[in-house]
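Asks: Chains as they are written, first to last, in the working numbering: chain A, 1 to 76; chain B, 1 to 132.
Check the hints yourself; a few may be wrong.
[As the list claims (entries may be wrong)] Derived SDA-like pairs: lysine to any residue, alpha-carbon spacing no greater than 25 Å straight-line:
id, chain 1, residue 1, chain 2, residue 2
1, A, K76, A, I7
2, A, K26, B, P5
3, A, K76, A, G11
4, A, K26, B, L99
5, A, K26, B, E76
6, A, K5, A, A23
7, B, K49, B, L99
8, B, K17, B, D59
9, A, K5, B, L84
10, A, K53, B, Q128
No lab work stands behind these hints, which were simulated from the structure alone. Only a predicted model underlies this, so the values are computations on that prediction, with no experimental measurement involved.
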Amino acid sequence: MSERKVIDARGSFCPGPLMELIAALKLMQVGDEVEILSTDQGTAKDVPEWAAKVGHETVDSGEKDDHWFVVVRKAK
Amino acid sequence: MTTPPLYIILSSLDRDKMQLASMIASVGAVSDRAVHIFVSMGAIKAFDKTLSGNERYGDSPMNAVFCERNAPDPIEMFTQGKMLGDMTLWACSMVLDVLEWGEDRLVEGLFDGQMGLTKFLSDAESGQLLTF
Numbered sequence: 001m002s003e004r005k006v007i008d009a010r011g012s013f014c015p016g017p018l019m020e021l022i023a024a025l026k027l028m029q030v031g032d033e034v035e036i037l038s039t040d041q042g043t044a045k046d047v048p049e050w051a052a053k054v055g056h057e058t059v060d061s062g063e064k065d066d067h068w069f070v071v072v073r074k075a076k
Numbered sequence: 001m002t003t004p005p006l007y008i009i010l011s012s013l014d015r016d017k018m019q020l021a022s023m024i025a026s027v028g029a030v031s032d033r034a035v036h037i038f039v040s041m042g043a044i045k046a047f048d049k050t051l052s053g054n055e056r057y058g059d060s061p062m063n064a065v066f067c068e069r070n071a072p073d074p075i076e077m078f079t080q081g082k083m084l085g086d087m088t089l090w091a092c093s094m095v096l097d098v099l100e101w102g103e104d105r106l107v108e109g110l111f112d113g114q115m116g117l118t119k120f121l122s123d124a125e126s127g128q129l130l131t132f
């Protein structure tokens, strides 16, 4: 059964949220998902761009209250 | 198509340049792209293991605000990029020679060794070269 992990990277400057996401994905199984929360607006575009480049899947993204969120599914 | 490697020559101790170089290097290395860094001139002093935190870096237009806001430390970003991605760091053999430093003077676990400029430039012909 796949797992979803939430990483609260609010307050972390670029590229901190991306690096935290990558560190978490490395420890997860294919099919698992990571949701990253960030107050860095760049994360909302950087993370989907990174995921597409390296072959993972962005399953959701958007803005919620005072932060942005992106959900990435590990695909390989 | 494989992304060509990214080669970075770090020569300035300026915090702004060190900050941007470490961001580009770490993000590049975790994006299926090999990153190779040649550390020379004053930049080598930022990797002196006897220093810590913000005392490593030279002043720059953004230095004060980076310190005040606890911006990510460049050395930690290089370390993170190396741990999570495909990155090598090489210390300029000429600068170590002039400073009379051994590799043991540098931050532990970060460098892959010493290299001469000629070899690095030759390798860099296969990719994109940035200098800071």
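Asks: Give a verdict on every hint.
Replies: Taking the hints in turn, this is what the structure says about them:
Taken as a hint, the A:K76 and A:I7 pair is honoured in the structure, with Cα atoms around 20 Å apart against an allowance of 25 Å. Straight-line distance between C-alpha atoms of A:K26 and B:P5 comes to about 22 Å, which keeps the hinted pair within the 25 Å bound. Proposed proximity of A:K76 and A:G11 is contradicted: the alpha carbons are some 29 Å apart, above 25 Å. Between A:K26 and B:L99 the CA atoms are separated by roughly 39 Å; this puts the pair beyond 25 Å, and the hint is violated.
Pair hint A:K26 plus B:E76 holds up; C-alpha atoms about 19 Å apart against a cutoff of 25 Å. A distance of roughly 12 Å separates the Cα atoms of A:K5 and A:A23; the hinted pair therefore holds under the 25 Å criterion. Between B:K49 and B:L99, the direct Cα distance comes to roughly 14 Å. Compliance with the 25 Å bound is thereby established for this hinted pair. Taken as a hint, the B:K17 and B:D59 pair is honoured in the structure, with Cα atoms around 10 Å apart against an allowance of 25 Å.
The straight-line distance between the Cα atoms of A:K5 and B:L84 is roughly 19 Å, inside the 25 Å bound, and the hint therefore holds. Distance restraint check for A:K53 and B:Q128: the Cα-Cα separation of roughly 18 Å lies within the 25 Å cut-off, and the hinted pair is therefore satisfied.
The structure shown violates the earlier hints numbered 3, 4.
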